[in-house]
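Asker: Spelled out from the first residue to the last, the chains are:
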Amino acid sequence: MYAIERTRIIKKYLEEHEHAQVHTLSNLLGVSEVTVRRDLEHLEKDGWLTRTHGGAVINQNEIVDPLLEILEEPEDDGSRDEIASVALRMVKDGDVVMLTNGSVNIRLAVKLEERSNLTVLTNDLSIALRISLQDSNKVVLLGGDMDKSEKALFGSMALSNLRKFYVNRLFIEVDGINDNLQMTVNSQEKADLILGSLELSEHSIVVCPSDRFETSAFYRLGKISIAGGIISNSKLNEDYKIRIFNSNIPLFTTVAAFEGSQ
Amino acid sequence: MNPSLPLLELKNVRKHFADFQLDEIDLNLHKGEIHVLIGENGSGKSTLMKLISGWFPPDGGAILYRGEPVQFRSIHEAQRNGIIYLHQDVQSFNNLSVAENVFFGRIPTFWGIRSFVDLQRMLAECQLVFAELKISIDPATQLGNLGYAERQLVAAARGYVSAAELVIFDEPTSAMSEPDRNILFDILSRLNEKGTGIFYISHRMDEIRRIGNRVSVIHKGRIRGTEDCDSVDKSSLLKMMSGDVLKNRYPRIGAAPGPVVMKVKDISLKPILKGVEFHLRRGEILGITGLMGSGRTLLANCLFGIVRPEKGIIEINGEKVSIRHPIEAMSRGISLIPEDRAENGIFVHHNLIQNITTATLPRFRSKGILNESYMRELTQEYVREMSIKPGNTGDIMDTYSGGNQQKVMVSRWLMNLSKIYIMDEPTRGIDAASKVDIYNAMNDMVDKGASIILISSEIEEILGMSDRVLVLAGGRIAAEMNRKEATKERILDFATDEG
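As you go down the protein sequences, you meet chains A and B in turn.
Numbered according to our numbering, the first sequence spans residues 1 to 262.
Numbered according to our numbering, the second sequence spans residues 1 to 499.
Extracted from the complex, chain A is given alone in its bound form (with noise of 0.2 Å):
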């Protein structure tokens, strides 16, 4: 294991259990009681811990990684993935894919290694890092605003930025959609993003993980059918299902029952 990826998974265990002892992260990562405090050393003269009599003790109001924190994987229930998965049979070789912010579009990022010559604007940090990643797809982050906690950028610079492209297939990750098929979000930055590469996009489709279903954030979007269609997980409620289809919306859902032909 290299030096960087001990120092992450030190970093990690302290911010858990605040104190660690040197045989528990010696037995942890696999490495000689030496080798853990040499890590230890290190990360005390970046300020990080405090060593202590075997072990040591994290620096209280540390500041955290931020680039840690935007490879970190999004939480999910398998619902995120899925999802992604099914937006990924909608993008094809040579595409121009935007990406709003958002977890299940981080797993669709990671998923495009699987295809090629793809041109991939977005606005969120994480995803454009995943996409830099890979050879054969080309990135574009569009510049703005930072919001801290979305790690993602907003404003009228992303949008002019925007302008600038024509896209094939853009993915609108959406926060909220209530009994109205009304779809919400949790800033305005992000509803005037959305809305702005609406108008920019060829297909459009929104992605939405059943448990937001029945909540509402902030900001009003405007009804699905805004949009080309929307992608969720298939236990989705029924009365959803049937609601989308009544008003005729393709639902594309993540039924994967099929195991193959003999």
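Possibly wrong hints are sitting among the right ones.
[Stated by the list, open to error] One side only, chain B facing chain A, incomplete, derived with CB under 7 Å: (1) Leu-246; (2) Arg-249; (3) Arg-308.
[Said to hold, decoys possible] In silico lysine to aspartate or glutamate, EDC-like type, Cα no more than 16 Å apart, as pairs: (4) B/Lys-389 with A/Glu-238; (5) A/Lys-223 with A/Asp-179; (6) A/Lys-164 with A/Glu-199; (7) B/Lys-419 with A/Glu-259; (8) B/Lys-389 with A/Asp-239.
Derived by calculation from the structure, the hints in this document are not laboratory data.
Every residue gets a Cβ at the ideal spot worked out from N, C-alpha and C, and that includes glycine.
Mind docking chain B on chain A? Use the hints.
Answerer: Positioned in the frame of chain A, the structure of chain B alone reads:
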């Protein structure tokens, strides 16, 4: 009765059923008029005719017959008043002779008391009528031995001798040869000359001008318009028939289809199928539609070995195969999810696990015994993926909704791991949530390399889900169009043109 008054007049008639309604029906029929009714499948043509002929009363509005308001309580009461609906399933008796069927309902008045019916005399009378109408059927034959077209002629003869003032024909010419059609039209014009009023349900555009005086278009239980047959043009009729098209709601993820996996050549079975030809690609949803009687289900049954066509070739992956039985079809990787789950599929008194695993028991057999825990596990997986509710393995099927029963049927055949799925009316009569589940299962199937032949009478569903559309009419593939060029009007145009 004032001769200028219509023979029959419907004013703002409505009738509501659980899943369908007739609304704001204004319609009239004059003596000696042939009034054609046209509309797509399920638009309400037959329901409207049943309402007129006493099958059920309207919920509102007025029916005037010979100028008087009427409300028939039964089909017999309507018949006593001179209204006869020649419906193929009703009042035709397979075990009786043709002559007895022709004179059914008239026997007492024609020959006095029923017990003194002289069969020989009735056969002779029938022979005379048939000679007059140029029908060449032996009156002594049992009705059950006749084909569809011949039965239609017998029914028409029954209408002719009935002395009814209003006769309703319901798609009599589907699957009828040209000479038989001429005989039928001759009967119609004779009735016409006698002053009989006729409603004629048809799906054939060419018949409208040939025999009709006026034509009314029904769409979703409403009369969209009534026109004179001489002046009406086909495109405006098609527009009225198709109405608003809701095709966006179908979730279809298109993909480039693969190589041809199935080729069908010259499938024929008299009198319905006359040389059906098409091919199917890997990962493709091929939609096949057509009007009632076009042979959609018969074709499906031929492909799955339930019915043996008179001739025709089926190739799977370039290899000519013989499919004489469903077991042979299944061994070739073909599954059929049949049209009528109540009749052909679901075992209502058996439980969920039995219903789901019944087509694939060999999968669960090891060393001569069934591995029940594997059966339960796999069933639970399908229940979860297909959102089958409530979904306990011991649930008895007759407690399930139609939609959940259908998802059980789909699961049963998915478990068979086939390459080609023939889905015949997979969403007919089920709730919208189950439809959404089944459409998404179809996407999953083709994404994993299976191919689907989607047979449906619902043109929107065909438009929404298919990569390519075939229109079956007159026993042949009348048209093929890809997803982009297919419209409801174009499909109806080909489907209604058999001439």
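Asker: If a hint holds in the structure, say so; if it doesn't, say that too.
Answerer: Hints versus structure:
At a threshold of 7 Å, the smallest CB-CB gap from B/Leu-246 to chain A is about 5 Å, leaving the interface hint in force. For the restraint placing B/Arg-249 at the interface with chain A, the shortest Cβ-Cβ distance is roughly 5 Å, inside the 7 Å limit, so the hint holds. Hint status for B/Arg-308 relative to chain A: violated, with the closest Cβ pair at about 26 Å, above 7 Å. Our distance criterion of 16 Å between C-alpha atoms is met by B/Lys-389 and A/Glu-238, whose separation comes to about 10 Å.
Between the alpha carbons of A/Lys-223 and A/Asp-179 the distance comes to roughly 10 Å, so the proposed pair stays at or under 16 Å and holds. As the CA atoms of A/Lys-164 and A/Glu-199 are separated by approximately 13 Å, the hinted pair is consistent with the 16 Å bound. This hinted pair checks out: B/Lys-419 and A/Glu-259 have alpha carbons roughly 11 Å apart, not beyond 16 Å. Note on B/Lys-389 and A/Asp-239: the hinted pairing holds, with a Cα-Cα distance of about 13 Å set against a maximum of 16 Å.
Violation of the numbered hints given earlier is confined to hint 3; every other hint is satisfied by the structure.
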